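Can you build the whole structure from these sequences, using the hints too?
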Amino acid sequence: MLQGTGSSVGKSMLCAALCRIFKEDGFKVAPFKSQNMALNSFATKEGLEMGRAQVVQAQAAGIEPSVEMNPILLKPTSDRKSQVIAMGRPLGNMSAVEYHHYKPNLRKLVKDTYDSLESKVDVVVIEGAGSPAEINLKEGDLVNMWMAGAADAPVLLVGDIDRGGVFASLYGTIMLLDEEERARVKGMIINKFRGDVKILEPGLQMIEEKVGIPVVGVVPWTDADIEDEDSVSERFSAVSGRGEITVAVARLKHISNFTDFQALSLHPGVTLKYATRPRDFEGADVIILPGTKNTIDDLIDLRNRDMIAPIVRHARAGKLLIGVCGGYQMLGQVLRDPHGVESAAPEVAGLGLLDMEVAFHPEKRTVQAEGELLGGGPDWLAPLSGARIEGYEIHSGANTFGPGCRFWMKNGDNDGACNAAGNVLGTYLHGLFDDGTLADAVVRRARALKGLPEEPVSAEQAAVNMAAYREEQFDVLARVVRESLDMDRVYRILRGEE
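Per the working numbering, the very first residue in the sequence shown carries number 51; after that it's consecutive.
Treat the hints as calculated values from the structure; they're not laboratory data. All values reported here derive from a predicted model rather than from experimental measurement. There could be a bad hint or two in this list.
[Said to hold, decoys possible] The calculated lysine to aspartate or glutamate pairs, modelled on EDC-like cross-linking and capped at a C-alpha distance of 20 Å, are:
1) 414 x 397
2) 170 x 75
3) 188 x 246
4) 460 x 422
5) 161 x 172
6) 153 x 189
7) 170 x 114
8) 153 x 184
9) 248 x 258
10) 460 x 407
11) 242 x 536
12) 188 x 251
13) 188 x 229
14) 158 x 189
15) 78 x 172
Below, the structure is given as structure tokens:
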């Protein structure tokens, strides 16, 4: 089990690396995290919802993602409430206090689920959450030291040196554990180091002497491009790429599944950024409204930030505007929520760019899906008619379409729609850019609208296929981590010899 001195110290990445390393060494390995809090989720083949981090780790392990790897998922719906999802199905929305009292009821579910997963593989790589030293949360713990005890797992404690204070973090965390918990910590990992390890050696020796636990490795900062777990991502403050086509993704308050746009950000013709202010849309060739856990509240928030007007002007100027899932719903005439599924507001006006209305219902659609591009959509997509794009849907709400909508993608009961001009498109399909087909078509169309010449596409210029790209990045990450850890010692710890 990997636990951390705090959030965002790199536990998810290191778990993915170990999953790939154990796979490379011939073991059948699976990831596990008893409870995840994230808006980036995924629909399994069974139509069940789980956290994206364990999906990525499963991909690194070379196995099919399953909700057994993440039995509890919390999806924040507001600053004070989260939707609680158990074994892929929603239990309902709970406040932090309500969930704190309810959490002990989930321990048997977590333990039984873990035992089932462990029985099917050689190694389970368990990820903790936050810090095991949150002494106010120890009672009712579901994800750190309680989980280590339930699985009888040795613990490697991860500290982030890039933030500073790594030795104090490691020492303080260990000292706040009780004796039994401390005995479970068999090694420490210092993560995200930049520089010469020799400079660290006196500190490594001192921390080992003070806590009596070995440092099993110092992992350098790595540029391996692994999908982020959630909206704490540094991607939101960075600009990706240097292409001639600028893509601006609206930074929604409850943004979800922003991994949809990683493939687009890697396209050599694209510069991708996240827009938090109206002026961030200036100069954009393509605007994307992404998915959200709370469509209505995020639409209201966009209005409060004066970000609606530049989006509408962009669309009316004939430039490309794409809405995905919740962003798709925002493009309609009106959004109705009579059951309070999304918001306390029963009805709110949409952007009015697509001739459709959206009605939210308590039932949630979670399914893997395949979108088929239709010949009746925009003329610029006509050459791709019949092409199929694999993805998944996770949403509440269904659309009622008016005569002003044209359909450009077929994927189940909720078709992807566009406006008559063909520059405003929406779909419920997550992962729509992952195979590169649609990403390349969007870039070509944006170039044409901008008056740029259509350049011949070489292998280096072609859109990225995310499946192949992920495999390359997992191998890069595994190589760096393998070289940085004392893997002989890690295996001894795994076998219970230390």
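Going down the list of hints, with the structure as the test:
no. : hint      : in the structure
1   : 414 x 397 : holds (19 Å)
2   : 170 x 75  : holds (17 Å)
3   : 188 x 246 : violated (37 Å)
4   : 460 x 422 : holds (5 Å)
5   : 161 x 172 : holds (18 Å)
6   : 153 x 189 : holds (10 Å)
7   : 170 x 114 : holds (13 Å)
8   : 153 x 184 : holds (16 Å)
9   : 248 x 258 : holds (16 Å)
10  : 460 x 407 : holds (18 Å)
11  : 242 x 536 : holds (16 Å)
12  : 188 x 251 : violated (33 Å)
13  : 188 x 229 : holds (14 Å)
14  : 158 x 189 : holds (16 Å)
15  : 78 x 172  : holds (5 Å)
The structure is inconsistent with the numbered hints 3 and 12, although it conforms to all the rest.
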